[in-house]
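Asks: Letter by letter, the chains look like this.
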Amino acid sequence: MYVAVKGGERAIDNAHAFLAEERRGDPAIPELGTAQIREQLRLSVNRVMAEGSLYDPDLAALGIKQSRGDLIEAVFLIRAYRTTLPRFGASRPVDTGKMTCTRRISATFKDAPGGQILGPTFDYTHRLLDFKLLADGQTPPAAATAPANESPLPHITGFLDRDGLIQPETGNAETPPDLTREPMELPAPRALRLQALTRGDEGFILSLAYSTQRGYGRTHAFVGELRIGTVAVEMEIPELGFAVEVGEIELTECETVNQFTGSKTEPPQFTRGYGLTFGQTERKAIAMSLVDRALRWRELGEDDTGAPAQDEEFVLMHADNVQATGFLEHIKLPHYVDFQSELELIRKLRTEAIAARTEAAE
Amino acid sequence: MSRIEKITPAPLLSVRNLSKRYGSRIGCTDVSFDLWPGEVLGIVGESGSGKSTLLSCLAGHLAPDGGEVVFATVNGPQDTLRMSEPDRRRLARTDWAFVHQNPRDGLRMGVTAGGNVGERLMAVGTRNYGSIRDAATDWLGRVEIDANRIDDRPSAFSGGMQQRLQIARNLVTGPRLVFMDEPTGGLDVSVQARLLDLLRGLVREMGLSAIIVTHDLAVVRLLADRLMVMKSGHVVEQGLTDQVLDDPQHPYTQLLVSSVLQV
Amino acid sequence: MTDQSYNFAYLDEQTKRMIRRAILKAVAVPGYQVPFASREMPMPYGWGTGGVQVTAACLMPEDVLKVIDQGADDTTNAVSIRKFFQRTAGVATTEATSEATIIQTRHRIPEQALTAGQILVYQVPIPEPLRFLEPRETETRKMHSLEEYGLMHVKLYEDIARHGSIATAYAYPVKVEGRYVMDPSPIPKFDNPKLSDSPALQLFGAGREQRIYAVPPFTRVVSLDFDDHPFDPSKAPHDCDLCGASESYLDEVITDDSGGRMFVCSDTDFCRTRREAGHAGRLGEAQFSSKKIANSFEGICPPTGDEA
Chain A
272 MYVAVKGGER
282 AIDNAHAFLA
292 EERRGDPAIP
302 ELGTAQIREQ
312 LRLSVNRVMA
322 EGSLYDPDLA
332 ALGIKQSRGD
342 LIEAVFLIRA
352 YRTTLPRFGA
362 SRPVDTGKMT
372 CTRRISATFK
382 DAPGGQILGP
392 TFDYTHRLLD
402 FKLLADGQTP
412 PAAATAPANE
422 SPLPHITGFL
432 DRDGLIQPET
442 GNAETPPDLT
452 REPMELPAPR
462 ALRLQALTRG
472 DEGFILSLAY
482 STQRGYGRTH
492 AFVGELRIGT
502 VAVEMEIPEL
512 GFAVEVGEIE
522 LTECETVNQF
532 TGSKTEPPQF
542 TRGYGLTFGQ
552 TERKAIAMSL
562 VDRALRWREL
572 GEDDTGAPAQ
582 DEEFVLMHAD
592 NVQATGFLEH
602 IKLPHYVDFQ
612 SELELIRKLR
622 TEAIAARTEA
632 AE
Chain R
597 MSRIEKITPA
607 PLLSVRNLSK
617 RYGSRIGCTD
627 VSFDLWPGEV
637 LGIVGESGSG
647 KSTLLSCLAG
657 HLAPDGGEVV
667 FATVNGPQDT
677 LRMSEPDRRR
687 LARTDWAFVH
697 QNPRDGLRMG
707 VTAGGNVGER
717 LMAVGTRNYG
727 SIRDAATDWL
737 GRVEIDANRI
747 DDRPSAFSGG
757 MQQRLQIARN
767 LVTGPRLVFM
777 DEPTGGLDVS
787 VQARLLDLLR
797 GLVREMGLSA
807 IIVTHDLAVV
817 RLLADRLMVM
827 KSGHVVEQGL
837 TDQVLDDPQH
847 PYTQLLVSSV
857 LQV
Chain S
4 MTDQSYNFAY
14 LDEQTKRMIR
24 RAILKAVAVP
34 GYQVPFASRE
44 MPMPYGWGTG
54 GVQVTAACLM
64 PEDVLKVIDQ
74 GADDTTNAVS
84 IRKFFQRTAG
94 VATTEATSEA
104 TIIQTRHRIP
114 EQALTAGQIL
124 VYQVPIPEPL
134 RFLEPRETET
144 RKMHSLEEYG
154 LMHVKLYEDI
164 ARHGSIATAY
174 AYPVKVEGRY
184 VMDPSPIPKF
194 DNPKLSDSPA
204 LQLFGAGREQ
214 RIYAVPPFTR
224 VVSLDFDDHP
234 FDPSKAPHDC
244 DLCGASESYL
254 DEVITDDSGG
264 RMFVCSDTDF
274 CRTRREAGHA
284 GRLGEAQFSS
294 KKIANSFEGI
304 CPPTGDEA
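Protein chains in written order, with the numbering used here: chain A, 272 to 633; chain R, 597 to 859; chain S, 4 to 311.
Where hints are given, some of them may not hold.
DSBU-like, lysine-lysine: derived pairs with alpha carbons at most 35 angstroms apart [what the hints assert, rightly or not]: (1) S/K86 <-> A/K619; (2) A/K603 <-> S/K86; (3) A/K336 <-> S/K145; (4) S/K145 <-> A/K603.
Derived by calculation from the structure, the hints in this document are not laboratory data.
The following block holds chain A by itself, in its conformation from the complex:
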C-alpha cells in the first residue's frame, strides 16, 4: 500500500536531491561551466537549439548541464521555457543568400562562383581516437583562414533555376501557420511540414531520410548546396517604419537537387528538397531536405509507394522527440486501475472458459 503513504512526497524530494548530487558527480573534479559547454560541446548546443526551437546558446548549454547531457531532456527544458516567453513580434524572413558562410559545398558542381568552402568539418578526418585530447588540452594552433568573403555567395540552385532546369519555388504572401501556437491540422501545408521537420528528432529524421535512399520512397537526391554561416535577423519596428538588425544567428541550409521525369503539366525538370536548421547541424539539415522532398510526392504528381517517408501523417505525428519520450515514459506511471480491470476481466473469461470446457468434458 505504498501509494497511500504520505512519503510519496518525501520520496520525490529525496529523489530530486539524489539527482542533483549525481549531476555534479565527483566533487573532486572541477565543475563544468555552461560557457565550457557552449564553446566546447557546440554541436550538442546546436542540436538542442534546433530541436528546442530556441536560438540561445547559453540557455541550451544550461539545459545540457542540467540534464546531465541527456539532449532530449535538454530540448524539453528549452521547449518548456520557450513556451512561456512573450512574443514581441516576428522577424523578417532571413536572407540566406546574404549568409556569411563558414562552410559552403556543392555536390553537383565542381566549382561555382564563390567556390567550395570546406570549413570546420569532420568530413575527411580519420576517425581515430586522438589520445592527445586525453591529456590536458593545449590550445591548437590557429587554422589558416582566407579573408572573409564580403560579397554574398549566390545559391547554387539559382544557376539551375535561371535555365529552367529546376522546378521554381514561388513565394507565397500567406502567413505560414505557427506549429507552436496552433494545433497541427492535416493535411499540412509545406511551411508547416518544414517547421515540424526542423524541430523534429535528428535520429528520426535521419533514419527516414536514410530509408528513402535505400528505396522506400526514393528521390535520387544530391546535395545541390550545403551552406553554414551567420545571417542577420531583422525586425520591422512600426514606430520607425523600417527594419533594424536585432542580431545574428548561425544557420545550416541544405538544398537538394532531385531527379524528376516530369508530370501532367511539367516537362522534365529537377526538383528540390529543403532543409534549414539552427547552428551547425548539417546531418539534420541534409536529412530534413530528403524527407521534405519525399513528402512532396502529391504536389509533384508522383506515386504514393506506401513508403514511411512519404506518409505525411506518420512523419509529422512521430517526429517530435519531446512528445514521443513523454508518452513512452508515461507507462512508468501507475496503472493499477486499468490493470485491475484487465485482471478481473481475464479471471472472468478464464472462469467461463474453464467451466465450458469442464461441461464439455462431462
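With chain A fixed as given, assemble chains R and S onto it according to the hints.
Replies: Using the frame of chain A, we list chains R and S on its own:
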C-alpha cells in the same frame, strides 16, 4: 430476356462524358452510358484498355478529370462526382457495394468471417448481436461457406472462399448497385466456374444491378445483359451481350472474340 | 506560496483564453474532440499535460483543488501535479471530494457523487476512441463527422464472438448525447455509468494529442453494447478489506508471496471517510486514520523503488 421488360423509365446510373488522364496518357475518355435497374453491364477489354480506371471513377475511388456520374438516389438523381464526401461515403456503405479483384482489398483480414459480413449491418445501425450473427450465418450459407467457419478469420480461407466471403459482406445489406472488378481474376479455373455459378444465382435471385469489369468473356457471357468493349480508353462497341459476342462489329471486338474462341 | 516568476496557474493569460475557447466549443458540442494548441508544460507529455492545461485555464484564486491518480490523492504523479498548482497558483487543496471545486483525475471518477458547480478534469492519453481500429487522424475525423461508427461495433462483435462477452475493461467507448463516440479516458468501465447525467461539468484534456472534449452537466452518456449483450459495469466480487464498502472500485494488493492478497478502495478519500464514520472491513479498524492504516501496511508491502 424477361428481366429487360421490367425496366422502369429512369436509369439507375447515367454516365456522361467521363474522362480521366494520367499525364499525357489516356485512362478513359468520353465514356457515356445508362444502366437500368436490374441490369448487369459488363465492361471488357485487355489490360490497359481503361476498364479498371473507368470502374474506379464510377465508384468514386478515383477523381475523373471531367464528366458526370448521375445515380438515382432515394432523393432523386444526383451527380455523385459533385456530391460532398460525406454523402458519397454514405452511398458507398448503403446503396453501393464494391467487390475487389483481390479479396484482401475488400475484407478485413484480421476480423472473423462473421464480423466481416456483419460490418455493413452494424454500420447502418443493427445493434442485436444475435440477429447480426443469424444474418452472417445465413449469408455464409448463401455463398456456400460452412456455418462453422463463422469465427475463423479470412486468412485461414482459400482464395475462392475469401472471394465468396467478400461477396457476402457486400450483399448483406441489399445494395442497389454493385461494382465488381475482375471478381473471378486470380482464381483457378474450377473455382472460377463455381463462383460464376454462385454469382449468377445471386444476380437472378436478388435482381441485382451490377457493373462488372473483366477481361474474361466467359464471365460476361454468363452474367451480363449488356456489354461495353473498351480499347485505349475509348468505348469501341456496346450492345446486348449476345449480340456483341455473336456478331461483333468493331475489328477489335472481333479480335477479342476470336482470340477467346481459339482457346 | 505562489511562485511569483510565473503567471497565476503557470500559463499566460493569452494561452488560457485560447484553452477556454476550446473548452467552450467542447461544451457546445458534447463529445467532439476540439483541436487546441497544446503548450509544452514543465512536465512530460503523457503525464497529464492536457489535464493540467485545462485545470490551469479553469482555476480561479478561490478554487479548491483536488488531484487524484488511480483514485488516490497520494500517488506520486498526483502529488507532483498538486504541488505544481500550489506553487504556481497558490490555491487551496483538499483530499475531500465534496470540498473540491475542481478535481483533476487520472483513470478514476470519485465514488462520491459529484455536485453542481464542480468540474472534473480528466487526463487523457489517447483521445481518439477509433485510434486502434484506424491509425490515421485524417480518417478518424471523417468517421466522426459522418458518424461512421460501424467499425467500433465490429470490435465489440469480435470480442463477443471470441470471448463470449465484450473484452474491454477500461477506456470503454461511450456515445455522448446520441452523437459522438468518445473515449472516456482509461477509467475502469465500472466508472462509466457515473459519466451520464452528472450534475458536474466533465472536461477532458489530451496535451500531446492536442485535443479537448467535454461532457456538460446532465448529458446522456451511453456505453456501447448490443441489445442482447448489454454493457456490464462489473467489478471484483469483494468488499473493501479496510472499510467494508461493497459498492466501490477496488485495488488488489498483494500482501505476501504465497498468494495472500487484500482488496482496498482505489478511492482513498472515500475509504478514509467511511472508516472515520465507523465502518470497518475484514482487516480494517474503524478508528485508524488513513496515515496509520497506510503505515501499518508498509511492513507487509514495503515501498518499492517505483516511488522515486
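Asks: Next, verify each hint and record whether it holds.
Replies: Hint check results:
1. Distance restraint check for S/K86 and A/K619: the Cα-Cα separation of roughly 39 angstroms exceeds the 35 angstroms cut-off, and the hinted pair is therefore not satisfied.
2. Straight-line distance between C-alpha atoms of A/K603 and S/K86 comes to about 20 angstroms, which keeps the hinted pair within the 35 angstroms bound.
3. A threshold of 35 angstroms between alpha carbons decides the hint, and for A/K336 with S/K145 the separation of about 46 angstroms lies outside it, so the pair is violated.
4. Proposed proximity of S/K145 and A/K603 is supported: the alpha carbons are some 33 angstroms apart, at most 35 angstroms.
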